[in-house]
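Asker: Chain by chain, the residues:
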Amino acid sequence: MNVLGDRVLELGPKPDADGPYKDLRLTRDGDGVAWLLFDREGTSANTLSADLIEELDKVLAELEAQRPTGLVIRSAKKTGFIAGADVNAFRAATDVAAVEAEIGRAHAVIDRLEALRIPSVAVVHGFCLGGGLEVALACLMRIAIEDARFGFPEGMLGLHPGLGGTVRFTQLVNPMQAMPLMLTGKTIDARRAKSLGLVDVVTQERHVRNAVKDAVSGRLKRARPGLLNNLLSLGFARGFLAGRMRSEAAKAAREEHYPAPYALIDLWEKHGGDRRAMLNAEKASFARLMVTSTAQNLIRVFFLREQMKKLAGSGNKIEHVHVIGAGAMGGDIAAWCAGQDLRVTLADMKPEPIASAIKRAAELYGKILRKRTAVRDALDRLMPDMQAEGVRNADLIIEAVPEKLELKQKVYAGIEPKMKPGAILATNTSSIPLQDLRTTLQKPERLLGLHFFNPVSRLQLVEVVSHDGTDAQLLKEALAFVGAIDRLPLPVKSSPGFLVNRALTPYMLEAMLMLDEKIDKTVIDAAAKKFGMPMGPIELADQVGLDICLDVGDMLRSKFGDALPPTPAWLRDKVARGELGRKTGKGLYTWKGGKADTSSGLPATSEPSAEMIDRLILPMSNVCVACLREGIVDNADVVDGAVIFGTGYAPFRGGPLHYARTRGVENIVSTLRALTEKFGGRFTPDAGWESFK
Amino acid sequence: MARPVFIVDGSRTPFLKARSGPGPFTPVDLAVQCGRPLLARQPFAPSAFDQVILGCVNVIADEMNPARVAALRLGMGEKMVAFTVQINCGSGMQSIDTGYRYIREGLSDLILAGGAEALSHAPLVWPQQGVRWFAGLAGAKGIGARVMAALKVKPSYFKPIIGLERGLTDPITELNMGQTAEVVGHLFGITRAQSDAYAAESHKRLAKAQSQGWLKDEVETAFARDGKFYDHDDGVRPDSTPESLAKLKPVFERPWGKVTAGNSSQITDGASWVILASEEAVAKHGLTPKAAILDSQWSALDPGIMGLGPVLSATELLKRNELTLGDIETWELNEAFATQVLGCLAAWNDEKFCKEILGLDGAAGELDQTRLNVDGGAISLGHPVGCSGNRIVLHLVNAMKRLGTRRGIATECIGGGQGGAMLIETV
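Note that the protein sequences, when read in sequence, are chains Z and P.
Last residue of the first sequence: number 693 in the working numbering, and the count goes up by one each step with no gaps.
Last residue of the second sequence: number 1120 in the working numbering, and the count goes up by one each step with no gaps.
Don't read these hints as lab results, they were simulated from the structure.
Honestly, I wouldn't trust all of these hints.
Calculated lysine-lysine pairs in the DSS-like style (CA-CA distance at most 27 Å, straight line) [as the list claims (entries may be wrong)]:
(1) Z:350 to Z:194
(2) Z:78 to P:921
(3) Z:583 to P:847
(4) Z:574 to Z:586
(5) Z:367 to P:845
(6) Z:251 to Z:78
(7) Z:418 to P:901
(8) Z:359 to P:909
(9) P:909 to Z:371
(10) P:845 to Z:350
(11) Z:78 to Z:309
(12) P:921 to P:940
(13) P:909 to P:983
(14) Z:186 to Z:529
(15) Z:559 to Z:574
(16) Z:574 to Z:404
(17) Z:367 to Z:443
(18) Z:371 to P:834
(19) Z:420 to P:977
(20) P:772 to Z:350
(21) P:772 to Z:359
(22) Z:350 to P:901
(23) Z:529 to Z:443
(24) P:847 to Z:317
(25) Z:350 to P:977
(26) Z:592 to P:901
(27) P:921 to Z:586
(28) Z:221 to P:901
(29) Z:78 to Z:58
(30) Z:404 to Z:309
(31) P:901 to Z:410
(32) P:921 to Z:595
(33) Z:678 to Z:559
(34) Z:418 to P:710
(35) P:834 to Z:418
(36) Z:359 to P:710
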């Protein structure tokens, strides 16, 4: 019933096509209520730019001059209210004073909105994030449509709210609830927003006009901040709570890596009771954060993500995915695709792995889809397929069977005659070159690689691997597919380890050499974490699976020889004994309930040295430069994005190449030389550094 | 112009014995579990069906009109017309019969007809007096009235009744289904030993069919979200013998009754689908028909002897098609109770009954038990009431294909005093 689609949003009187404003529309209805619609030109979602704020200022002046009986603020975009600030404005900020002046001008406009002497009401559907939420907070009332989601994602950019949000949010909502939302960046739905008192009412689109009438006339029962808010905003309460928040924040990230949460806590602790002072301090704190390398690197990562989304393109044609092999990767890939609205058949010879894949899928959906019916529907879309019936109808087949050439070729021989014309045959191989896999195929041009990372639901990257005979159209469709399932594609040429595993393997193997040097595993992991990795190399190896590390290590060594650390013999023994890491409960760590037991029993004094960190980290940058030089990936920014989204590489460092550039190529090369002398040829700087600036 | 109607494919879940508490699947969950692979293996899109008809007796509150819920969950498209039919134990066959008639009359070409039942999900029901008390309390205005209403409570109001127990009791005669089997057994002199021997044979036949892999193409493994999977009918007890069954106490009429838990059908969850197609649909999609539905018949009788329903409806089919008992090479007669199945066979062999009730010239004769329920039945598989009628048609087709027989009848007795029968011919 798409015919009726444009009748859904209640936007008040129809605005003139050629209004005086570019990104805003202003109308008045029969009751004298002004409807201010955010409708930013040329985009599908609203963001706040300096231009738009300036236009808003003009609208406010118009409203002050000719005061309406009430003001409705809402978005004319179907996608939602306002998705936040236009991040473009944050790029390359270096001057604290300039940022503070800029944010000060925006503050003045938002303050002016708040000071309007008429009942103002924000009607919110869809996403209402960051700056968007700060606009809504400056209104007297907020009406949420059922599908609304609220949140402050500034932390992802190394910032905290900067348009008065830290002040208005903690005043309206109990700070014990409000602060964690700003610190974690979690979004909440309309019901939760209502229970927090962030919105006054939750309703459906079809009742917006009547809800607005009641709001403007004062008949709407409003959410009021509780008495507790005042108590919690008292100085001594703030001091106590701030201490607890700091220790919570410390569990998530170190202050030297991520200063924003700590700055936010300071801000609230110092000024929480004093509105004016806190607004001013917010501006200053926001400006200080904006110029930190953390914020600038995270802003860079934000744009890397946008850039990689563009690589995906649009126009996905894949509706039915057939996954072969219900092991850890196959099962999780299938579950992810079904969770993203695709029909999925999951084939395996045995019911046991399928059953455990279904169990993991149900657990995942419980977390990401929440709604009971949404979980049910996703599970319905994920069909166990022991007879491999899905092959005939699938638009895309993803093979995820064990890493054995003959086995994979046998699978292909079985399915190729049944595949429908135009279908893509993809392999999730991480170690077998496509050039070897394609030899037995009737139509090698439809073979490509879709290399997902473990855990599929958390690592956004998918390497889209082509060989020299891959059909260009199918490659394009594969990229669009990756975009459609909300993952980020890295187009990469088929070469051992592609990009990510080739960069990551030296990191993990070096850590194993350190184990041989009798360095404690927790100290090795601590070294990586000190650099900013979310997980140390030892824990990561267990997470990935020691068998896979061994396979990939052997494969890479066979190609690159001594450029890689040698694989220790005990690793082979461990794998032979079935101690494979997380999936078997024992690897280098003992795993319980999906968590590694990292208690070391060592005194806290064994600090990792800078040399240890360099030994682990620099080979990654070295491999990335090599991949660029070899043309495996054609763009340095995309390399950084891929390593961040595929491995969790410390995002606030901006990526392994950006890190090298920031630290200085000279310095990197000389450090690598020094390591070569001390530890061996595997640290030899790649020839690519010559041309990398 | 009656058009031919074909059964082209079908599948079912394993039948899962109700153990303690609700099973892993609701009726629609079960319908989806076996429907997905069935639809996936067809050469046409799920949206190509004209309609979906599903039999279900104990519809759960979250799944009103389970046929439509199942159709949508199976991805058959929002335009798919779907309705649920209910005639107690015949519901799963009634769905086929309804679809058969739509296609025969030329109104539809492709119909998905099924049956689904999760008896383990049957609700607990509050006594009527308790419900009235609660309604009074909820409706009372003012504190005084509310206190007065609350004070009228009695402990018995909170004693739940198992809904299933009421469902299995005939509302007219107040006889439990098991008691109707006792009546039939009495009228035709069926002994406890005969019943137990029949029940043991049912388990033996199912166990053999399972071990021979004869059910492989019929039963789809069901996967639950807790990581468990179910790949076979789990009520089977291959070690049952007439001797072991003889030790059980009667459950419905103690101490002298002949019907025990061992020689009755089991309380079970399950779902089953068949795909019905016209000649046009067969040609259009390049389908391979397995069998044709030749005729069907519903009959009714005294609810107190409902177990004889198959004798009435199947005989009517035979008469209309000028066939005799012996012309039917394979039979599925739903095993509600061993005593009732044997009662039916005895009735056909009873001259007086055949003359007076069935209007035959004499006794219809002996029904060869090697042709009857060749791979076991509800005693070993279980009897998810709204599903069983569908399963016996599906299995009849599969069994005839395997045995190479041509004509078969699937028939069942129906609580409330009815019988249903369907005449099938393999193609």
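Asker: Each of the hints needs a verdict: does it hold here or not?
Answerer: Outcome of the hint check:
no. : hint           : in the structure
1   : Z:350 to Z:194 : violated, 48 Å
2   : Z:78 to P:921  : violated, 41 Å
3   : Z:583 to P:847 : violated, 56 Å
4   : Z:574 to Z:586 : holds, 10 Å
5   : Z:367 to P:845 : violated, 46 Å
6   : Z:251 to Z:78  : violated, 38 Å
7   : Z:418 to P:901 : violated, 34 Å
8   : Z:359 to P:909 : holds, 24 Å
9   : P:909 to Z:371 : violated, 36 Å
10  : P:845 to Z:350 : violated, 59 Å
11  : Z:78 to Z:309  : holds, 21 Å
12  : P:921 to P:940 : violated, 34 Å
13  : P:909 to P:983 : holds, 16 Å
14  : Z:186 to Z:529 : holds, 23 Å
15  : Z:559 to Z:574 : holds, 24 Å
16  : Z:574 to Z:404 : holds, 20 Å
17  : Z:367 to Z:443 : violated, 40 Å
18  : Z:371 to P:834 : violated, 36 Å
19  : Z:420 to P:977 : holds, 19 Å
20  : P:772 to Z:350 : violated, 36 Å
21  : P:772 to Z:359 : violated, 32 Å
22  : Z:350 to P:901 : holds, 23 Å
23  : Z:529 to Z:443 : violated, 46 Å
24  : P:847 to Z:317 : violated, 64 Å
25  : Z:350 to P:977 : violated, 35 Å
26  : Z:592 to P:901 : violated, 43 Å
27  : P:921 to Z:586 : holds, 24 Å
28  : Z:221 to P:901 : violated, 70 Å
29  : Z:78 to Z:58   : holds, 25 Å
30  : Z:404 to Z:309 : violated, 32 Å
31  : P:901 to Z:410 : violated, 34 Å
32  : P:921 to Z:595 : holds, 23 Å
33  : Z:678 to Z:559 : holds, 24 Å
34  : Z:418 to P:710 : violated, 38 Å
35  : P:834 to Z:418 : violated, 70 Å
36  : Z:359 to P:710 : holds, 22 Å
Hint violations for this structure: numbers 1, 2, 3, 5, 6, 7, 9, 10, 12, 17, 18, 20, 21, 23, 24, 25, 26, 28, 30, 31, 34, 35, all remaining hints satisfied.
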